[in-house]
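Trainee: Residues 42 to 167 (our numbering) make up the sequence shown, in order.
Hints should not be assumed to be uniformly reliable.
[Unchecked claim] Here are the computed lysine-lysine pairs in the DSS-like style, where the Cα-Cα straight-line distance is at most 25 Å:
| hint | residue 1 | residue 2 |
| --- | --- | --- |
| 1 | Lys-131 | Lys-82 |
| 2 | Lys-142 | Lys-82 |
| 3 | Lys-142 | Lys-100 |
| 4 | Lys-164 | Lys-82 |
| 5 | Lys-164 | Lys-142 |
Source of the hints: derived by calculation from the structure; they are not laboratory data.
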Amino acid sequence: MSINLGITKLTDIEPYNDIFPGLHPTMEVSEIVILSGQNLKRGACLGQINAEANPNNGKYTLWDEDSTDGSEVICGILGCDVDATIADGKGFMYVHGEFLKSGLSAGHEIIPGVYNNGSIVIKEDK
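Build out the structure end to end from the sequences listed, making use of the hints.
Mentor: This is the structure we're talking about:
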């Protein structure tokens, strides 16, 4: 089974066994721009560059608590693989929901908990 999102394809993903612990509803934001120089997989935790002087302002990158450009704050969870190795890429992210720690990645160790004013909940595996 394949779902064409117009930007990439998700193939044979079992919806509740990779990043979701259950049936809690999610909310998505589409057409986000992933900063070039990254090859991110579904489940990557994203931060948004929001430093006004930064030419990449508004783009998303891997969440890293040690950053100082805005991406130190988690904004969402990448919903599809995005290869932005050579140029900026487009994708979509979940901005609300419950997620399994084992299916996520970030630029630092991920600690289970509640993030982004309670909209993102990261849980340990069952």
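Trainee: Look at each hint and say if it fits the structure.
Mentor: Against the structure, the hints:
1. For the suggested pair Lys-131 and Lys-82, the alpha carbons sit about 13 Å apart, so the restraint of at most 25 Å is met.
2. For the given pair, Lys-142 sits about 14 Å from Lys-82 by alpha-carbon distance, which is consistent with the 25 Å threshold.
3. A threshold of 25 Å between alpha carbons decides the hint, and for Lys-142 with Lys-100 the separation of about 24 Å falls inside it, so the pair holds.
4. Between Lys-164 and Lys-82 the CA atoms are separated by roughly 19 Å; this keeps the pair inside 25 Å, and the hint holds.
5. Between Lys-164 and Lys-142 the CA atoms are separated by roughly 6 Å; this keeps the pair inside 25 Å, and the hint holds.
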